[in-house]
Structure formats: C-alpha cells, structure tokens
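Engineer: The chain contents come next:
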Amino acid sequence: MRHLNIVRWIWLALTLGAMTLPGDMGRVFVAPAQAQTSKPDTYYLVSVKVERKKYFRETQTNEKPPAEEFKGNPGKIEFKVDRPKYKLVAGCLTEAPTSIVDGQTFALKYQADATWEFADPGWSAQIQAFGPGAPASVQLLSEPKPLTAGRHSLNINASPQLKFNEQGGVQGTTKNGVRYRWFVVAFSFNTGAQFDSAGMSATYVYAADEKLAGTPPGPGTTTTTPTQPTPPTTPTPPTTPTPQTTPTPQTPPAAPTQPTTPTPPAQPTPPAQPTASRCPQTWDRDWNTTWGPMPVRVQGNTATGTFTRSRAVGGPGTFTATVSGRTLQATWRADDGSSEGTFELFLTEDGCGFTGGRATTRINNGGAQGAGQGGAPDGQDPSVSSGSNCCGGAGSRPWENASAQLCFERWIAETTAKLNAYNGSAEYNARKPWRFNQYGLMEATGISSAGPPPYFKDYNNNKYWYMWDLYTTDANGRWRSAEWNGAGVASLHDFVGRCAPNPADPNASGGRGGAGGGAGGGGGANTPSSVPGNVPNNEMILLAPDVVVPRGAPVTIAVQLIGARDVLNMDFALGYDPAIANAAPDAENGSVISDLSQYKLVQPGVFRFNFASLTPFNGRGTVAGFRFIPTGPGKSRTPLTLTVATVNDSAGTRLPLRIVDGSITIYDPSDLTDPNNPKYPNRPGGEDSARAQATCSGTGRQTVNDAQCCLKMWVGLTPTSLHMDLNNDGEVNSRDAIIVLQNVARELAR
Amino acid sequence: MSRRNPSPSTALAVAAACLCFTCGVASAAVTLSLPTLESNAGQSVDVPIAIKGAKGVSAMQALLTYDPAVLEVVTDAQDPDRTMTRGDVLPDNAILKLFTETPGRLPLLFLGGANANDKAIHAITGDGTLATVHFKVKGAGGQKTALALEKIEAFQVNDMDLLARAEPGALTVRIEIPWLWIGVAGGVLLLLLLIMTLRRRPTRAAG
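Residue numbers (the numbering used here), protein chains in the order written: chain A, 17 to 766; chain B, 512 to 718.
One chain only, chain B, in its complex shape (with noise of 0.2 Å):
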C-alpha cells in the first residue's frame, strides 16, 4: 500500500502554514524614526528623521508633533535651510517642506520631483535620512518633549499607499550642575577658614 504524495496545492498550504508560525504579520512598512536626544537648555539640537523601507515612496505626508513649551524650531526668512536639512534619500529635484506657522505642530510633506524631459516622477531609492530639523532647546533642565509623527501617508508612483508607521523619540533638557557656583562657595569657604586661621595665631602669642 502505497502514500499518497501531497499535492502541490497542499504542500504549499503546508508551507505557508509553516512560514506564519514566524511571521503573521504585515506586509513590509515604511518606517519613519525619531531620536531619543538629551540637550542643555538654550542649546541648539538637530533632530534627525530617519527612513526605513521607502524604496518606491514618491510621496509622503507627516506632522511632526513636540512640545513647544520645550522646543522651538530655528526659522529664518532668509535662509530656510536653517530650519531644515535635507536628507540623504531625497532624489534631486524633490520637494521637501517643512510647514513652522504652528509652533508643535509642524506639517512635513514630501514629493520625489518630476523631470519633464523624460516624463518621470522619481521616488526614493533606499534608507537613509529624510530630513534633519534644527532646534533650539527653550524647555529648563528637566523637562522633557515626546519627538513623534502623526498622519503618515505614503504613496508610489503608481499612486498606490503603503503601509506606514513611526517610531517616536524624545528630548530631555539636561539639568545642569553649577559648577561656577559650588567654586565661587567653596573659595569663600577656604578664605573663611584661613582668615579665623590667621586670628588664632596671636592669641597665642601673648600667652
């Protein structure tokens, strides 16, 4: 008595039964993240915004959120570059802005560009960095801001969405340890002890 051989359509049930033990999840997504940064008040701090899986992405669409009481992004009219670096990943003539009217609340939005020559929209080819923005750190030592994207949206050339998440980051404010001031004190301190030194020695003396 002969087994009977698993048809192909079983084997490849089989298969994928096997291969989700593992996996069971989604398809691949577009990751955008955000550092986890510590800075001195009144400091200057540029914060990084990292891709992930965004080969194809022509266009993306993201509001960067923190707090503001903590944070204030760096803008100059004449020099918007102040505000913004852009990354690594862009394509040459991409459009990436960045929207300041809302302190906190910051629209980031992303074309890959279009050359008219060869009727092309182009799109990210790998991972790298999308943007760094520049900061100033308003926030006193200890306070802190959550770093985070809301409202992600990409798409492909094809006009077809893909998946999208973040991961968020922070800032925590350094508290800064007076050091001038503990000097300051403990000079004070010293010439203390040497002047009451000083005026014990005669004392003697005269015994």
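Here chain A stands alone, though its shape is the one from the complex (with noise of 0.2 Å):
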C-alpha cells in the first residue's frame, strides 16, 4: 500500500507543479496570487469536511454489495461492513486548530480505530495541502501503525478479530511572511483489506480573511471536537471464523487509488414515452441535473437546493434562490469553501427540464475570479425523457455520445497544435511539446501524470466527462492562462455545442409506415461539424451526423470518412424512416470520390452507395451526401443508420471500421416551446447564442455553406424555408446571407 502512496503523491506534486493550466483547473494548480488581507498575522479555520472512503471489488469477490451503516456525527466517523466472510468497523475523530499564526507550526490530529475480521489489513495514509497559500511542507506526525505487525499474513483461525487504534496528524508551517487568502489542508486514511478498503478523509479549509472564520459548514460537513481516543460505538460482535477465499494474504493489498465514495453527476435515466406539458410547474422536485442530483425545495418565491457536482469543479455545495416566474435565480457556494457563485435557471415550458442562463464563479484564491458561461446546469425530471437540449448540440451529457467524443478529440488536435504553435513565456516554451493525457490532462516536458488524477473514478473514467468538467472558460470565453488565450484554444464547451449536434428524443420519432418520395432540393450540407479532426486509437470511422431541421427544409446529409487508411473500396447502405423524411433519389460524390461510384434508392427507407477508386483515400472526407426533405412533424425524429458491406484496402483486404449513425430531428418554426427551435425562447443566450444558429445544414452552427444556401433560395435553386430568413423580412435573399456572413466571421474570430 505504500507504494500506492508514492504514486499518489508523485501525482499531487506533479499536478501542483503544472502551473499553466487553465480553467478551473487553475483552482488547485494555478500559480499563487498574492493578496493583502486586513489580518496579515493569522489563518482561520473556516471549513471542515469529513468524509468516509469505500472501496469495494464486488468483481473480484463476486459477492453482493456489502451492507453498511454510516453515522456521522461531529467529528466522528464509523464505518461498518458486514459481508458474509467479515466484518469492518472504522472510525475516527478530529481536531484542528481553530487559527493558525503565520509562521509558526500548527498540527491537525486524528484518532483512528478500527476493527475487522478478515485477512490482510493495513494501514495508509496520506496528506495534501494545496491551494495559494499552501504551507511550504507538511508531514505526518505519526506513522500510522497497526498495534499487531505490519503487512502481515494472519492466521484468522488464531486471531479473528484484529484492532487498530491510532493516533497521528499532520504537521506545517506556513510561509511566514508571504500572505495568502486560503489553503487546504486534507489528510486521509484507509483500513485496507485483500479487496476492500474503507477509512475517512478530513478537508480543513484555513483563511485570512477573519470575516470567514465561523463560516458554518455546508451539508456533510462536520464540526471539530476535543478528541479522546474511544472505541468504535458500533462493535462488530466475533463471527465464526471461516477458510480463506480469497487470494493468498501476501499478495500486496489491491487498493485502488482513489477509493472514496463517488458521488456523479446525475446518472442517465432511461427514457420515456414523450410527454406534452404534464410536468408539475415547479422547481420544488428532485432534478436530475449535469451538476449531478440537484434537490430543490421551494417555499414562497424562496428556494434552496444542493448539488452533488464534483469537488474537482467546486462542488459538492447548496444555494439559495428567488423564484420569479420560470426562472430561479440562485447564489451557490462549494461545501469546501473552494468556490461560490451565481446562476440563472429557466424551467421550460413543459416542466420537465431547465435549462442553464447566465453564471458567474468565483474562485476563492486570492484575486481571480471571472464569469462563468456555460456553467449554468441543465437539467430535467428524473421521471421523463432525456431530451432537453442543453449543453450546446451534444444533449446533456456529450460525453457519452460517440459523435461529440469524436469532437472532444478534434478539440483536443487543435488545442494541442495551437499551443505547441504558440510563442508564449521562456518556461512554457521550454515545457513544448504540450500533449493531453489518457485522462485528458495536459503533460509537457517535465510535466507528466504518474496515475489517473482525483475523482477520476467519478467520472466513470471518462475523460470526456472529466474535461468537460475540468476545462471551462469564463463569460468572456477567456481561459485563465494568459498563453491559452493567447494561442486562441477554443472554448471546449462551445466547440462541442457547435460541433456535435444535439440528439433529440429517441422516442419521439413517429411510427415507421408510408411511402417517401419527392425529392429535396439543396440544402447545406453538415459536413464540417461532424468532421472531427483527430481519431481516436487510429480508428476508422463511417459517421453520418445528427442533425436538427424544421419540417419542410431540404437537408442534405453528408456521411464522413474518417481516419481512412489506404481505402480503396467500399459499399455501404444508408438506412432511414420514410414516414419522417423522403430522401431524393440522387447522391453526390463528396471528396472521398476520385473515380467510380454507384448509388441507388432501393426502396424507401434504404439508400445504397458504392465506390471504386485507383487512387487509395487517406485522412478524412466527405464520401457522399443524401438529401432529404423532412416530411415528420415536429418533435419527430429518423435515425441514419449506416451498414457496411465491403471496405478493402489496396491489398483487397478487408479493413476494421467503426460505425457511427446519425439522425434528422425535425421542429415546427411555429412551435415555441420546442427546444430544438432556434426561436425557442428560454434559450440561455436568447436566439442570437452560438447553438441557436438557424443552418441549413442542420447542425446549428452556421458557416459559409449557409450563406451559400441563402443563395441558393433566392435564386429558386433551392426550396425557400424561412427558418433562414434572418432579417425577418419575409424571404431569403443576399442579405441574409450577408448575416450569416458576419456571423461567420464573428465565430471564425473568437
């Protein structure tokens, strides 16, 4: 377990010491900003957080979730796992000093006990202090020892129950001399079984600034208390011993890394038949939200609330707020103290979602702050459908969808090619070449990551989720490092929103049935978006986008090559709902193309493409656009289902692809209340925000395809809609292109 704890903190010093990173990141790793204070000579302790750790292999042991029971009082902490084979009883108490005077040693201790009935226990612990002020040093004042030997193998026949009972603590100084507004000083612990592992963490949050001090904790925190050592209140009564399962007991404890409780964001519900306004219209329910599970309880035009969003981006924390109609108002604050805030929420029109305005964050370190865009939560009724249209075009949760993966990885590319090109500072230079990680940190020279970092286990491992969370911008689409803004990195959030688009209801698709036929006209092509400029693994992928139209509006749908390698040949059926869109007989070639191909309608329903080619394709392309005209009524949706038949490299032999499908959703312009229109009216950033761009291509980020569209309309090349009349003055003509255009222009610029 020891060397569990060399990786660990081989991991805290790296990430401490990477201090050019952005976003929130810049929280924990930005470089100390000084700030005066009015009480120069103290620190106050202004937060305690407690919390219990588990960590159970239930694959390794193939045993059903252990039952436990969990009391936290103040300053107390008991565990209790009662599995079929033993028992695990922890707990702990604290204590902290109330202030610390600058320069001086202080120690935070603990008093640990446990007791358990098993093989193979051990003890670790660790400690972290971080934040602006961090003192220059910390260490344990004690090492944490069993009261029997070290790592051992244990006879449980001779000896069934063992007992641990430990004092030890922390031990600092802080930099005396050099004033800071707050640092963190955290300390944990663990009882760690062959499989099993549980203990306690304690966060103590000091300030400088006195008006802090006393500030009461936020939910599942805990007050400090003198301490005495006692023994654990709930004691786990003998159990028979019984032989060993398990692995032998000198195998090195496999405790994992971060074993504290995970406490995600909201976890996706299976959807539901669509709904139509049957939602209760209020805020008082439980949310399902992106800031995780977000309780809201309402009294007057008075709410309050919590959420459950990682501590990596300031959370856990509560708010308050006003309600005034459809919109909360709401002043949010981190339990730990880390962060606080503002946002504005607007429950849509049916009751069954909301979606994120305006939010300010304040970084509590000393000097930054800025607005967060963006930053608002989405969220929706637990009990119905996943179709709110928050987070830009990717749904709420863009993590999980292959298309917007593939846009978190071009992000990644051009992030990653704008920083290694920009000319910054002499040490971020020498640092080139910046790279991210497997876990979506970023690594340069001399800046690497030995593991995966804090909570990542929260994020299911995802580190799409993880650096959505992690990389954000505030109002001003601005980074907090001056080079990430200076080599022009875009704004993940947006550059998703824009990219992927968003995935309707995959409920509210009409019924299959009735027979497609006239054809579209020309509408602009998604093809950009949906283009990600770097694959995964090397991956080859076959996409057709997800895109959102109004009824009537031609459409066409540009499938993509991406990451060929070598391809010479391919076959392939594009799949699709006639009842909701008709599909015109012909295709284009995109730029995939250089010789032969074939395409047919075989029925409706079912498109069927080929290509030959001398020439073998390598990158990324467009192999062929369908056009359609959405026929479906509003809400309605197809999926773009692709199958391949044959794909063969120049040798003949047959290459590995990934499929990934797409879908047309269609809204009524006349229908405000639906999300998916860009006239909808609750839309965070009214009609003129980046994801609201009325496109012909359907993917909601306009470019200048779409002017070409306008074009096209005026001069009766293409089917007039009006969802392009941007000026409002009743059709399409030169001068909405011209909009578009500066539109163009003003995203192109950011």
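To be clear, the hints were calculated from the coordinates, so they are not data collected in a lab.
Every residue gets a Cβ at the ideal spot worked out from N, C-alpha and C, and that includes glycine.
Pairs of lysine-lysine residues, derived as DSS-like cross-links and limited to a Cα-Cα distance of at most 25 Å, are as follows:
hint, chain 1, residue 1, chain 2, residue 2
1, A, K448, B, K662
2, B, K608, B, K647
3, B, K655, A, K448
4, B, K566, B, K630
5, B, K563, B, K608
6, B, K563, B, K662
7, B, K662, B, K566
8, B, K662, A, K434
9, B, K655, A, K434
10, B, K649, B, K608
11, A, K448, A, K434
12, B, K608, B, K630
Only part of the chain B face toward chain A is listed, based on derived beta-carbon distances under 7 Å:
hint, residue
13, Q572
14, T613
15, L620
16, F666
17, D670
18, D672
19, L673
20, L674
Assemble the dimeric complex from its two separately framed chains, guided by the hints.
Structural biologist: Structure, rendered in structure tokens:
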C-alpha cells in the first residue's frame, strides 16, 4: 500500500507543479496569487469536511454489495461493513486548531480506530496541502501503524479479530511573511483489506480573512471536537472464522488509488415516452442535472437546494435562490468554500426540465475571479425522457455520445496544435511539446501524470466527462491561462456544442410506414461540424451526422469517412424512416470519391452507395451527400443507420471500421415550446446564441455554406425555407447571406 | 498445361496496388498559400493569397492570422479597396469579405455569388490569386511574424465540402543599416584627421 501512496504523492507533486493549466484546473494548479488581507498574521479555520471512504471490488469477489452502516457525528465517522465472511468497522475523531499564526508550526490530529475480521489489513495515510497559501511542507506527525505487526499474513483461526487504534495527524508550517487568502490541508487514512478498504478523509480550509471564520460548513461537514480515544460505538460481534477463499494474504492489497465514495453527477435516466406539459410547473422536486442530482425545495418565492458536482470543479455545494415565474436565480457556494457564484435557470414550458442561463464563478484563491459561461446546470425531471436541449448540440451528456466524443478529440487535436505553435513565455516554450494524456490532463516536458487524477473514478473513468468539467472559460470565453488565450484555444463547451449536433429524444419519432417520394432540393450539407480532426486510437470511422432541421427544409446529409488509411473501395447502405423524411433519388459524390461511384435508392428507407478508386484514400473527407426533405411532424426523428458491406484497402484486405449512426430531428418553426427551435424563447443567450443559429445544414453552426444556401433560395435553386430569413423581411435573399457571413466571421475570430 | 488468365477484378486490384506504391495520398485538396516576405519597418506590404485546386469552389471561409505587433492591416472606411484587392480567380459578382475588427485574426469569407437570371451559383474556375491583403509593417527590424490561414472550409455548389489545406508564410522585418549616420561619423572622423594634420605643420616650420 505504501507504494500506492508514493504514486499518489508523485501525482500530487506533478499536478501542483503544472502551473500553466487553464480553467477551473487553475483553482488548484495555478501559481499562487498574493492578496493583502486585513489580518495578515493569522489564518482562520473556516471549513471542515469529513468524509467516509470506501472501496469494494465486487467483480473480484462476486459478492453482493456489502451491507453498511454509516454514522456521521460531529468529529466522528463510523463505518461498518458486513460481508458474509467478515466485518469491518472504522471510526475517527479529528482535531484542528481554529486559527494558525503565520510562520508557526501547526498540527491537525486524528484518532482512528478500526476492527475487522479477515486477513491482510493495513493502514495507509496520505496528506495534501494545496491552495495559494499552502504550507511549504507538511508531514505526518506519526506514521500510522497497526497495533499488530506491519503488513502480515494473518492466521484468522488464531486471531479472528484485529484492532487498530492509531493517533496521528499532520504537521506543517505556514509561509511566514508571505500572505495568501486561503489554503487547504487534507489528510486521509485507509484500512485496506485484500479487496476492500474503508477509511475517512478530513479537509480543512483556512482563510486569512477573519470575517470568514465561523462560516457554517455545508451539508456533509462536521465540526471538530476535542479528541479522546474512543472505541467504535458499533462494535461488531465476532463471527465464526471461515476458510479464506480469496487470494493469498501475501499478495499486496489491491487498494484503489482513490477509494472515496463516488458522487457522480446525474446518472442517465431511461428514456420514457414523450410527454407534453404533464410535469408540475414548479421547481420543487429532485432534478437530474449536469451538476448531479439536485433536490430543490421552494417556499414562497425562495428556493434552496444542493448539488453534487465534482469537487474538481467546485462542488458539492448548496444554493439559495429566488423564483420568479419560470426563472430561478441562485447564489451557490461549494461546501469546501473553494468557490462560489451565481447561476440562472429557466424552467421549460412543459415543466419537465430546465436550461442554464448566465452563470458566474468566483474562485476564492486570492483575486482570480471571473464569470463562467455555460457553467450553469441543465436539468430534467428524472421521470421523463432525456430530450433536454442542454449543453450545446451534443445533448446533456456529450461525453457519452460517440459523435460528440469525436468532437472532443477534434478539440484536443486543435488545442494541442495551437498550444505548441504559440510562442509564449520562456518557461512555457521550454515545456513544449504540450499534449493531453489519456485522462484528459495536460502533459509537457517535465510534467506528466503517474496515474489518474483524483475524482477520475467519479467520472466513471470517462476522460471526456472529466474534461467537460475541467476545461471551462469565463463569461468572455477567456481561459485563466494567458498562454491558452494567446494561442486562441477555443472553449471546449462551445466547440463540442457546435460540433456535435443535438440528439433528440429517441422516442419522439413517429412510426414507420408510408412511402417516400419527392426529391429534396439543396439544403446545406452538414459536413464540417461532424468531422473530427483527430481519431482516437487510429480508428477508421464512417459517420452520419445528427442534424436538427425545420419541417420541409431540405437538408443534405454528408456521410463522413474519418481516419481513412489506404481505402480503395466501399459498399454501404444508409437507412432512414421514410415516414419522417423523403430522400431524393440522387446522391452527391464527396471529396473521398476520385473515380467510380454508384448509388441507388433501392426502396423508401434504404439508400445504397458504393465507390471504387484507383487511388487509395487517406485522411478524412465526405463520402457522399444524401438529400432529404423532412416531412415528419415537429419533434419527430428518424435515425440514420449505416451498414457497411465492404471496405477494402489496396491489397484487397477488409479494413476494420467503426460505424457512428446519425439522425434527423424535425422541429416545427411555429412551435416555440420546442427547444430545438432556434426561436425557442428560453434559450440561454437568446436567439443570437451560438448554438441557436439557423442553418441549412441542421448542425446549429453556421458556415459560408449556409450563406450560399441563402443565395440558392434567393435564385430558386433550393426551395425557400423561412427559417433562414434572418432579418425577418419575409424572404431569404442576399441580405440573409450577409448576416450569415457576419456570424461566421464573428465565430472565426473568436 | 495452360496458365490461367487473371480475372478483370484481379487485374484492377493489381493495378491499384501498383499505383499505390507511388500515390497513397488523399484526394486533391484546395490549397491556399501565403508568401514568405521581407519588408522594412514602417513600409506597406502586400500579402497575396494564392489558391490552387479550387475549381468548383463556390464558398469558402478561412481565418488569416498574424502577429499584430509586427503587422497592421490597412483600413480605410471610405475606401475598402485599400484593405484588400480582389484576386483574379474570383467570379464577377463574387462576395469576398475580410473582417478586420480583431487585429491578428482576420476572417476571410468568399461566396461565388448568385445570378437570379440564370439561376446559377458561381464558382472559381481555376488557379490564381484569391485576394491580396494590404498591411503596414509596425514591427522593428529583426521581428518576424508567421502568416497563416486556419479553419479553412471550402464547399462546392452541390453543398459537398472539399479537402482544404494551407501553406503558411512569414514576414520578416529587415534590419536597416543606418548609412546616414555611418556617413556622418565618417565625415567627422575625416574632419578631425584634417585638423590634426594642419596643426602639426606650423610646429615643423618653427623648428
């Protein structure tokens, strides 16, 4: 277990050393910023948080989740695990000074007790200190030791029960004479068994501002009490020793690197049937949100609530709010006091969800503060479908969407290129090349990650989810790193929101049946937004986009080939629901095609396309464009299903290929209750917001091709669709094309 | 015993395999190129944007980037042509706009334009110069800036995109040799030499 601690220490040291990282990472990683305070000689304890920790590897033992008992009393944690073969009880008291004089040594103490019945227990402990005013060094007061001899092989028949009684703590010295506003000291200990471990962690926040002293801790926190060694109050009765069925005790305990209890944000909820205005018109319920489960309680026009957003980005925390109609305006604060801010939420017309509006975030690190855009949560009633139009075009959880993940990869590729091309400070340049590792963290010369970051498990080990919370900009789209701003790194949220179209409610599509028919005109193709610039693991991908278009507006579906290597020929079929969209009988050749191609609408609902070349294709490009006229009602959707029969390289070998299906979602331009409608009134940022742009391509991101689409409508090459009448003069003409160009220029220059 | 003739498909595969020993590249792409230039501080400089493989391009967007500490784009509200000159590849009624609001990051947008009479969208028909952007050098001697085109997207009339890439350029500000001051210093030196020579002559005469 000790070597795991070393790994943790290495990770901690490296991440604390990475001082040029952007966004909310900066709350921990940025260089300290000094700030003058009214009481420069004392730090005051403003927050204490004690948490239980547990880790169980169900897959190793094939046992059911353990029965557990948890009691959180002030200063004491009791944790009981009742497995069929053993029991584990752990308890802890903590003590910390209410104030620390600058330059003097301070100590945080704990008194830990544990009993369990099984083999191979062991103690481990770690300490951390971070924040702008983190002490120059901290150390354990005493190395935790079991009362029995070290790591050991236990004869459970002879000694069925182990007892630990350990006093320890953390000692440190603040940086005399250098004033900062706050710092955090945290420690944790584990009792590790072969597959399970339990323990606790305690986090103490000290601030130089005397006014902050006495701030009541948030939910889940406890206050400190004087310590007296006490046995666990819930002792476990001895059980009959049983033969050991797990691997031999000599095997090092398989403790996890981060055994804290996961508090993940909202779990995906199973889609339900579409509903219409059947949700209560109130905020008072338990929401599933992008900030995790969020219970909200309303009294009059006042609301209170909590959120479980990851600690990595300023959570969990609480908020108080005022309710005015469908709008909720809240002031929030992280439980650990590390950040606070405001956000604005808008209840949807049907009352089944909400979208986030303006948000601000203040990082309490000594002056650095800003407003966070896109930081407000989106949410939905857990009892209804997941069709919320939050988080850009990628849906409420873009990290789970295959197309959106490709957009993440594209952002990573573009950001890496920009950062390495940027001529920054001498230190910045010396650390090139900058790169993203497998966890989504930045690495560079001298900065690497020895393991997953803290809380990574909270994100289901999904790096895209982790990155989504980690890389955020302020309201002005600015990063906290000057180099990132100088390099012109795009906002991840905006990038993914624009790049990945919004998947609509999968249950909203109409039934099959009905013949297709009329040919579509020339709607804008959705090519660029769907093409990731980088393909993970060198995969080759055939991708159909997700588009959102008004009923009756022609759209061209561009099927993309990404990460191609030596592709000589391919046969594939595109399936769709002819009751929702009519396909034109003709298809367009894309940039991949250099020689021969054939296509046929073999029946309504199935399009076949193939190509063969003498010149193999490499890289990424459009294979074909399929024109559709969406005919289904508003909120209906058809999947676009790709089926590949053949794909060969120049040697005739079949190539591995990943398929990413797409969809066409239809909105009724006159239905202002549909979040997919660009004129949806509750859209954060209003109609001019980036993700609300009217497009011919259905991607929500305007390009010059949408301007060209306006010109086509003007001259009659494409049926006019008034959703592109951007100046509301009753027709689509060159003036609308110019408006599109202005929008595109604005986005390009960002 | 006769040898079997290869089937047509086998022949095609063999031919393709032979070809890919030398090719193995992606389809032809639209290429935008920027020049590598030198200029004196304070002078005006023209940056042409060349385009190749652009036949059929009817819409295109790109971002022209440079170091605003070295270059500044020439702007004149009364005369937009002072900022940019349209290139020879543009159709007659093409729309070409360069947005100069953000120094160092200039969106360049092109539309081939439409003709309502013949219901046509126009496109580029050949290689040449897309535009020439006019800058003034504000950097000092020895400074350098990259000239790059990013975020390029190109489309045909049928809405299909084209592969696009950019060849970056650069501009270096020349270090000017101060000939005038060198000349003045030389003249002063000669004058001093002359004075010293003239002052020694009377001494010899007295002796």
